[in-house]
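Chains A and B, in that order, give the protein sequences.
In terms of our numbering, the first sequence opens at residue 1 and continues consecutively.
In terms of our numbering, the second sequence opens at residue 1 and continues consecutively.
It cannot be assumed that every hint is accurate.
Computed footprint of chain B on chain A, listed as stretches where at least three residues anywhere in the stretch have a Cβ under 8 angstroms from a Cβ of chain B [to be verified]:
1) 19-25
2) 40-51
3) 62-70
No farther apart than 20 angstroms at their CA atoms in a straight line, the calculated lysine to any residue pairs in the SDA-like style are these [said to hold, decoys possible]:
4) B/Lys65 with A/Lys57
5) B/Lys97 with A/Arg81
6) B/Lys97 with A/Ala31
7) B/Lys57 with A/Gln80
8) A/Lys57 with B/Lys73
9) B/Lys97 with A/Ala99
10) A/Lys11 with B/Asn92
11) B/Lys22 with B/Gln78
12) B/Lys97 with A/Ile26
13) B/Lys73 with B/Lys97
14) B/Lys97 with A/Gln80
15) A/Lys57 with B/Lys97
16) B/Lys73 with B/Leu91
17) B/Lys22 with A/Ala31
18) B/Lys65 with B/Arg43
19) A/Lys11 with B/Lys73
20) B/Lys9 with A/Tyr105
21) B/Lys97 with A/Lys11
22) B/Lys22 with A/Gln41
23) B/Lys97 with A/Asp56
24) B/Lys97 with A/Ser66
25) B/Lys97 with A/Ala54
26) B/Lys22 with B/Ile51
27) A/Lys57 with A/Gly40
28) A/Lys11 with A/Glu85
29) B/Lys97 with A/Ser58
30) B/Lys97 with A/Ser38
31) A/Lys15 with A/Tyr105
32) B/Lys97 with A/Glu85
33) B/Lys97 with B/Lys9
34) B/Lys73 with B/Val108
35) B/Lys97 with A/Tyr105
Calculated directly from the structure, the hints in this document are not laboratory data.
Yeah, the Cβ is synthetic: ideal placement off N, Cα and C, and Gly gets one too.
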Amino acid sequence: GAGVSQSPSNKVTEKGKDVELRCDPISGHTALYWYRQSLGQGLEFLIYFQGNSAPDKSGLPSDRFSAERTGGSVSTLTIQRTQQEDSAVYLCASSVGLAVSYEQYFGPGTRLTVT
Amino acid sequence: AQRVTQPEKLLSVFKGAPVELKCNYSYSGSPELFWYVQYSRQRLQLLLRHISRESIKGFTADLNKGETSFHLKKPFAQEEDSAMYYCALSLNTGFQKLVFGTGTRLLVSP
């Protein structure tokens, strides 16, 4: 079946512009996660959703970052007034549920470049 | 604070040689540890988790709580093992919040 998909695969934007990154999880997966991988860094957890709810937003780097999920499916990560330090690969993952026993399946990522 | 350390950015070995990718963690709770792998032009995928105590593609990893380590080992490396390997720690937060290391690139030469 189809895996997690993300769009766009690449995004180049000017500093100060807003961007939206999209994630389509595997059908039926209730849990969805966003991570960021900056150059030379490990993956950094940003936010997770259980259904449409995001109980813990403390991983978001600043108030310029927001995320939503609708219909228990598609999620969008929005970055307002982008800065150069936002340049990174943004990964989305989904799993059947939140428990550790459930494997997280990752998407291919969106490479964001802020010029 | 919780942290995962992978001291080697690059590990280069010859085919058939033993491989050990190091991972150390810092966490005051009961750790759940994973190894993820990313092959060239493929997405990140789970390789193995300590709770399963299984061998995947010849790789094994043992959790050593005394040394706070979860090193990944394979007795005889193959060229197709060349990839980026990430060690990850799941925090007991009620959901699977993963803390990743910076990764080790394994290069297996013929």
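Exercise. Checking against the hints above, which ones are violated?
Worked result: When the structure is compared with the hints, numbers 1, 3, 4, 5, 7, 8, 10, 13, 14, 16, 17, 18, 19, 20, 21, 27, 31, 32, 33 turn out to be violated.
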